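Novice: Please model the entire structure based on the sequences and the hints provided.
Residues per chain are reported as follows:
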Amino acid sequence: MADGHVEEDVRVKVLVFASYADALGREELEVELPAGATVADCVAEIRRGLGAGVPPAPLVAVNRRYARADRVLVEGEEVALIPPVAGG
Amino acid sequence: MCAWLTHDSLDLGALLSEVTAEGCGATTIFLGTVRRSADDGDVVGIEYSGYDAMAEAELDGVLADARARWPGVRIAMRHRLGYVATGEVSVAIAVAAPHRSAAFDACRFVIDQTKERVPVWKKERLAAGSERWVGPRGG
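Those protein sequence lines, which keep their order, are chains A and B. So the first sequence is residues 1 to 88, counted in the working numbering. So the second sequence is residues 1 to 139, counted in the working numbering.
One should not assume that every hint holds.
For lysine to aspartate or glutamate, the following DMTMM-like pairs were computed, each having C-alpha atoms within a straight-line distance of at most 20 angstroms [as the list claims (entries may be wrong)]:
1. A:Lys13 <-> B:Asp52
2. B:Lys123 <-> A:Glu27
3. B:Lys123 <-> B:Asp39
4. A:Lys13 <-> A:Asp41
5. B:Lys123 <-> B:Asp40
6. B:Lys123 <-> B:Glu88
7. B:Lys123 <-> B:Asp8
8. B:Lys123 <-> A:Asp22
9. A:Lys13 <-> A:Glu32
The following label-pair restraints were derived from C-beta to C-beta distances [unchecked claim]:
10. B:Asp60 <-> A:Val72: 25 to 31 angstroms
11. A:Glu30 <-> B:Asp65: 33 to 39 angstroms
12. A:Glu75 <-> B:Leu12: 41 to 47 angstroms
Honestly, the hints are just simulated from the structure, not real lab data. Just so it is clear, the structure is predicted and the values come from calculations on it, not from any experiment. Yeah, the Cβ is synthetic: ideal placement off N, Cα and C, and Gly gets one too.
Specialist: Listed below in structure tokens is the structure:
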């Protein structure tokens, strides 16, 4: 680009719960993604690194609100992988 | 009125006192209790865990939705986290309304929405000593 601006990578904290935490052996991880990456990209990156303990399109929350797969992530956001809920 | 997660045993009297009001002639209470059934693998208890901050926000949202649909209802609920043995109450919802129709309907709505929206999970502990995660079900 003409002005030399480089879009920086985005780092997000990812919380993992319940059966997904058991499957991945982690409750929290930090994921680094290219600028413009989406929730779906984040999940794919986790699956690449840690295996298929999480399905390809799980329920995801960003900043404690359910988010769609095409939601773009911003530096420092809190992502959570939500197994099928079973409260009540 | 508030929606809370708690690791303590539920105080149903306190919950009722939160919703009681002069103008309310009808009060409903829903209690979700950990049950033991040989058909279900002989569960002796359930370990509840949650994404606490989001679960509180979702519970607030469920109650706000209920109040919007049934204006005038008074609602209180508690959901336990941690280990809950068979026979103990894991979730309690109290609803007071001027008349019974709203009291019944809002109470049903709150438990149904809780089961659908709130990020809480259950791990059953079986009599034989094993554990298993519970999938979503009508309950």
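Novice: All the hints need checking, so say for each whether the structure fits it.
Specialist: Do the hints match the structure? See the list:
no. : hint                                    : verdict
1   : A:Lys13 <-> B:Asp52                     : 16 angstroms, holds
2   : B:Lys123 <-> A:Glu27                    : 16 angstroms, holds
3   : B:Lys123 <-> B:Asp39                    : 17 angstroms, holds
4   : A:Lys13 <-> A:Asp41                     : 14 angstroms, holds
5   : B:Lys123 <-> B:Asp40                    : 13 angstroms, holds
6   : B:Lys123 <-> B:Glu88                    : 15 angstroms, holds
7   : B:Lys123 <-> B:Asp8                     : 18 angstroms, holds
8   : B:Lys123 <-> A:Asp22                    : 12 angstroms, holds
9   : A:Lys13 <-> A:Glu32                     : 9 angstroms, holds
10  : B:Asp60 <-> A:Val72: 25 to 31 angstroms : 26 angstroms, holds
11  : A:Glu30 <-> B:Asp65: 33 to 39 angstroms : 34 angstroms, holds
12  : A:Glu75 <-> B:Leu12: 41 to 47 angstroms : 46 angstroms, holds
Of the numbered hints given earlier, the model fails none.
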